Structure formats: structure tokens, C-alpha cells
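2 protein chains.
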Amino acid sequence: MQPSAERNLEQIRRWLDSGDIPGLDGYLNALHPADIAEVIGRLEPGEQQQILSLLERHEEAEVLEYADEAVRGEIVSDLDDKRVSEIAEEMPPEEAADLLIELPEERAEHVLELMAAPEAEEVEDLLRYPPESAGGLMAPALARVRDDQSVGALLDQIRSSDELQEADIYYIYVVDASDRVQGIVPLWDLLRATRGLPVRELMQEVQAIPADMDQEEVAALFGKYDLAAAPVVDKDGRLLGRITHDEIQDVLREETNEDISKFAGTDDDELASLSSINTARLRLPWLLICLAGTFVSASVLHSFGGTLQAYLILVFFVPAVTATAGNSGLQTATMTVRGLATGYVERVGAWPLVLKQVKATVLVAIACGLVGGVVAAVWSDFSSQHVAPGSAAMLGGIIGGSMFAAICVSATLGVLVPMAFRKVGIDPAVASGPLITTSSDIFSLLVYLGVASALLTQLGT
Amino acid sequence: MQPSAERNLEQIRRWLDSGDIPGLDGYLNALHPADIAEVIGRLEPGEQQQILSLLERHEEAEVLEYADEAVRGEIVSDLDDKRVSEIAEEMPPEEAADLLIELPEERAEHVLELMAAPEAEEVEDLLRYPPESAGGLMAPALARVRDDQSVGALLDQIRSSDELQEADIYYIYVVDASDRVQGIVPLWDLLRATRGLPVRELMQEVQAIPADMDQEEVAALFGKYDLAAAPVVDKDGRLLGRITHDEIQDVLREETNEDISKFAGTDDDELASLSSINTARLRLPWLLICLAGTFVSASVLHSFGGTLQAYLILVFFVPAVTATAGNSGLQTATMTVRGLATGYVERVGAWPLVLKQVKATVLVAIACGLVGGVVAAVWSDFSSQHVAPGSAAMLGGIIGGSMFAAICVSATLGVLVPMAFRKVGIDPAVASGPLITTSSDIFSLLVYLGVASALLTQLGT
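Chains as they are written, first to last, in my numbering: chain U, 381 to 841; chain Z, 381 to 841.
Just so you know, not all the hints are guaranteed correct.
These stretches of chain U come out as covered by chain Z in the derived footprint (C-beta under 8 Å, 3 or more residues) [to be verified]:
1. 422-429
2. 637-648
3. 669-676
4. 700-711
5. 743-757
Everything labelled a hint here was simulated from the structure, so no lab data went into it. Quantities reported herein were computed from a predicted structural model and do not represent experimental measurements. Note that beta-carbon positions come from the ideal geometry of N, C-alpha and C, so glycine has one too.
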């Protein structure tokens, strides 16, 4: 898609520079709102306003619906509240709610006041739910039918109502007299049914989603049952709204950013804002925690100061030990966290996973220990200065052996810490990334220097 | 969902132990196939077979459709080819293709031979496309209509055909006389249309997807236009099949695992198999590359051996420098990679992103440098042995200053390397994780020790 985006951007720039407004207008009309949304962030604020001013309100609304959160935020900040309220009125209520939730509270309230009553009410209803809950994802359920109706009556209802004109609808939601969800009727089955048939006969079971369910859980449900849409219900099972597949795709993309950001010890909010102070604020806590951890490593090194001064080569291989241990710890931690996040551990069981990790770790630890040991031996053999007394082979064996031990220890941490976090109800993803590498630094240094100095003293060198 | 899964597992185990087969049968019949698929991996192979044997072929097929890849692989390996072919016949062709693609080639071919001709042909058609391409994702497009037909004729066609009974269909695909895709008719609009209307009048534009498009690009298209389904076409625009939202959700989950695995220097194939040798094989290359990198770090340390022996405190703070530099490098790299992967960089532009990263880095570098410096000063002040001559404040300043420099350098690496990789056409995600931390180790040590020893000698201590 990038090429098409670049082409559109070029064209729009050319039209803007040429000042040929009717030409620009014509070009924009030929584009899908999503295509305009894709490139508008690359233009100067002034140009952005110029482009929006050429669109009709409903087109403007669509472009903002498709636009990136950060881009939309910047554009809306340049519009007055009246204009924003007019745009919000043109949006489906769930999109308008997403727009308002990004505004400062008092501004959002003012925009709501400016909006026409019915639209404003629908939006306010949706704003009651936390944005990361099923209620925050849902749109009003447009097509609902009483379970005692006939297919014919339903069809007439659908054909007569104008508000349903623009909607993209996959299921009809069947409710009882007190609005409790009974099931769904896929449009496909409705098309094939005869008018006389009672709706109840066409009805299929459906997974109703409580409004307070977390969006990750909702996405998991959609994945488990391959749903295109699902009804959202209150505590008594009454129909509140519907969630569609496109919301779920957004959730999955969001979660990807969230999870990956956690691995790096930051937060995906970074992606939604261009403020560097905000970014620093999100990163610093992790960095300081890790920094504190490194002071523990420092005192470990300090406590072995004598050995280090006598065998400086041990210092040279500190990065080799901490890095390989850290990386294999990160690998086991990552795969354990993913196993937990994807429900893989639930479906396959924890033990097969742990067993696999342990065996794999021993294999890589042997390989790395060997390489490290050989290199260390050669090193101490060839380089005289600052290295050490004692035979090269012995030093190589010691360094290789302690590397092996260090890798095993931090790989074990990588499996156990996320599992433990899960048990006590902390998000396992927190256990990966910086936290695992820092703790692995400490433990691998302890093991490495502990084993090394023990062997050295024992060998009486 | 986990609680419900646990409950189902318990119940099934209880029925199995009780040996009350009719009871078990009854319990299974009350479950959705996805619920059985969710827990079957936790049972012993014998128990798995017992449960499948209680299901009818089409139920058995559904359970395997919903089951985890690794679980399905193990179950199928215990079934004979005849049984597998019967199951494959019960599956929709795209699911059967996914099943066969996981089998050893000669086994897959044998199963195909055993399948009934029409089903086998449909599956073979789909198997022609690479699994990660649009063709690999697609299902046969069931509901197609000529653009010169009337709504009435289309409705009659839909009602008469039996093969369309079970299908979940959202759009009718409109084609011309030579089967080239002209557009779609959403079922919803079809429901509201009058029989006399020509289908052409109901038709909406649609994003047709070339069969050879990569699945990531397909997912991006679905996200950009919020599609529920899209037609897949050959080079001449002829309708080959359709891709639906649920396939896209699977792709997004897959990509998440792939990306996150890359950050940890391994591969998400780990999650699809229980082989530890395979796992080790996937991880070792990265570990060895990093290990090689650490030997460079070792020679850096070696070359400063004299300074280190004189100022052993510099050694104690090596982890502080490498870890904080590595982490902030990882943070900038991760966010840059995500920015590129999500198209955020395209939509907002590269410069605002780089600028934000630079400013944020300077801020965190100052903070970490200060903390590190103060601690180093206090450290050298209180701890006499193995530390250093010279004033504590001076040492603190030197260590803090060189930490600041080291962080800035590796954070810059974190931004530039992924962007450079993208430019030359390497997946930027490769640049994150182990690669960035290893190179950051080398550079941060160079900067740290370079600055420190320069200052120390200059200060003539």
C-alpha cells in the first residue's frame, strides 16, 4: 500500500502547490476517505485544513474516522468546538465517542452540548463505559427483532426503516419481551427463509458479551468462535449494543503494540503522541528500576574485586556471560509469556512447555559454554598483558563452565518468573524485557564469578 | 474464558474416569466444538481418541478446525490416512487445505488420493498458493452473480441452491461475463432491494486482492478499509475466491507472535511444535551472533586493561552502563520498528518520530547519568578497597558523564538501524532485540571507557 499512499501524497501536494482548487477537489472526490486519512498526517496543518474544508461534513467525518489517533488529535485541536460537534453528529455514535474520549474533558462536554440532542444522547450512553471494555467497543445494535415475530414482519420492518439504510449489518439480534438476547439470525439465512416462518425457527445460538468484559477477553472470544459480530448485554442479559469484527481487529493491533512495548519497558501510548516529555516519562521508570538492579550487579563485582584484579580476563568475559545469559533468559521468558497470552499453555498444558524450554536451554547453554570457553582459552594463551597466571586450558574451562551455569540459571528465571506472575495475577508480559535481563545480569554474574573464583581458589592457583 | 475451559476439562476428565460413555457423549454434545478444541490438548492421546470417536465425522472435523496447530498435529499423527481423508472431506476446502499443509508431503498426497474427487480438487486448487499469500488465506467464493442479473433472479438463485445452505456469507460478488470482479452487494442492501432492480444498481466498489499479495499486506488492507470480506482475483481480475475477517484475525495473531519472537531473537515456530531440538536450533544462531559480538566487547575491555586495573570501580559500573544503554536502545528501536510496522511512520512522517526519540533520549540520559554519577561518587567515597585513587566527586562525574554519552549513542543506534534496514529492504524487526543490545554493548563500552580514561588521564590522576 505504501506506493499508492506515496502517489496520493505527491498528487495532493502538486494540486496544493498549483493552487488549482477545483482540480484538488476533483482528485479528493476520487479517493476513498481511508486513502485521504492515510496521507493527511504528512501535510502541514494549514494544508490539512484546506483539504478538510473542500470535503462535505460527512466526508470530513469519515476521513477523521479512518485517520491515525495522533493525526486526528492534531487536526481536531485546530478546529473550533462548533465544527467538531457538527463532525461528531455526522459520525456513527461509536466513532463520535472515540473522537470525544481523546479530547480534554471540559472540551468534550462542550462539544456534546453543541451536538443535536438525539446524537448527543447516543454518544453519552457509549461514553459511560470504560474504553477498554466491551461497552467501550460497542455500537448501538440497530437490527433487533422480537422472537415471536415472523420472517415476513421482520423483512417489512427492515425495508421500511430509513435509519438502517447506511448500516453494515451481518446479524439480526433476536430478543424476548423484556429485551433479553435470545440468539441471532444471520442475514444469509433470512434471505433464504420464507415469509411465513417464525423468526424463532431461524435463530442461532450466540455468544453474548457482558458490557464490562475486558477487550482482550472479547477479542479472544471472537477468535475462539470466529465471530463476525456479537451482542453486548447488561447484567440481566438485555441487549445494549453490538461489537463487530473491525473493532476486534483494532483491539488485536492495539494489543500487539502494548505487548511489544512492554518487552521494551515502555508503553504504546508513545505511538499515540508526539510529546518527547511524555515519552521520557513512560520510559524512565523502567530504566531507573534496571539501573537500581545494576547497582546490585556492581556490588557483586565489588565483592569479587580481589579475584578480578588478579584475573582481569574474567572482566573481559563479563559481557559474554551477561549478554548470552540475558538473551537466552529473554528467549524463554518471551516464549513463556506468549504461550500464556495466546492461551497456548492452557490448551497444551504448562509441563510440556516447561520441559521443552529446559531441554532447549541445556542444549544452547552447552554450545555457548563451549564456544566461550575455547575463545577464553585461546585469548588467555595469546594475550599476555592484564590476563592471568595459570594454564589457558584451565581458564577456558572455568569461563566456559560458569557461562553454561549462568545461562541455565537465567533461562530458568525466564520460565518461572512469568508463570509466577501469572499465578499471583500480575500481567506476565511485565516479567519479560528489562526486568528479566536485569535480574539475569545479577544472577549470571553471581554464578559466573562464584563458580570461577571457587574453582580458581580450589585449584590453588 | 480460562475458568470455563478449566470447568469443561474437569467435567470431561470426570466422565472419562467414571467410564460412563453415554454420559460423556451427552456432555460433549452440549459443548461448542471450539470448547472441546480448547481443552482436548490437555488430555492423554488415548483419551483424545476416545473423545473424537464419540463425535460424528463433521463434529470431529469442526473440533480439529478450531484446535491449536500443535494439538491438531499430534492428534492427526495418531489417525490413519483413511480417517484423515474422511475428516478433510467434512471440512470446508480452505480448512482441509490448512490441515493437509501441516502433514508430511507424501502423507498429504495420499490423503488427497483417498478423498472424494470434487472435494479433493477444491483442496488441491487452494494448495497451489503459498500459505502466507492471499491465495493461501482464501476460501472458494460461493455467492457470485452476473452483473446483468436482476435482484429477483439473484434471490431465486440463492434460495434454490443447497450447497449454500451452511455458508456464512456477507457479500455477493458481482462479476462480468468473463468472471472479472465488478463489485459487491452487501446482503443487507439485498434484503432491502426490490426484485425488479438490476444487481448493478446495488453494487458497491470493492477492494479486490491479488492472489499473490502477502498476508501482512492483506491484513493491512482489511484494517485500512474495515472490510468484513474481500474477493481474491488473478492477474486478469477474475474471481478466484474470498477472504473473510476471521482469517485476518488469525493473521494478526500470527504476526504478533512473529514480531515478538523476533524481538527475543527466536521464531514463533517454537509455539507450533514441542520439539526442544527444533527450539534450540531456532535460538542458537542469534545467541552465537551475540556471543561473537561480546568478544568485541571483551577486546574493548582488554584494550583498557590498564585503566581498569588502576580504577576497578569502572568495572563495577560496566553493567550499569551496558544495561541502561542497552535498554534505552531497545526502547527507541522497538518504537521505531513498531512505527514502521504499523504504517505510523508513513502516516505521520519519519522526522517527527526521530525528533521525539532524540529529545526523549537526552532527557532519560540526563536522569540516568545523574543517578549513576551520584551513586558512583558515594560508592568510591565509602568503599576503600579495590576502588580508585582520586576524588569521589570526580569519579562520579566521569562515570555519570560517560553513562550519559553511552545512552545517547545506543539510543541513536536504536532509531537509525531499523530505518536503515527498512531502506535496504531488510525486515526492521530483525534490527531490534539481540542485535541492538549487542551492538549497544560494544558502543556503550567504547564510549564509557573511552570518555572515562580520557578524562582520568587528562585530569592527570
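| Going back to the hint list, which numbers does this structure go against? | When the structure is compared with the hints, only number 1 turns out to be violated.
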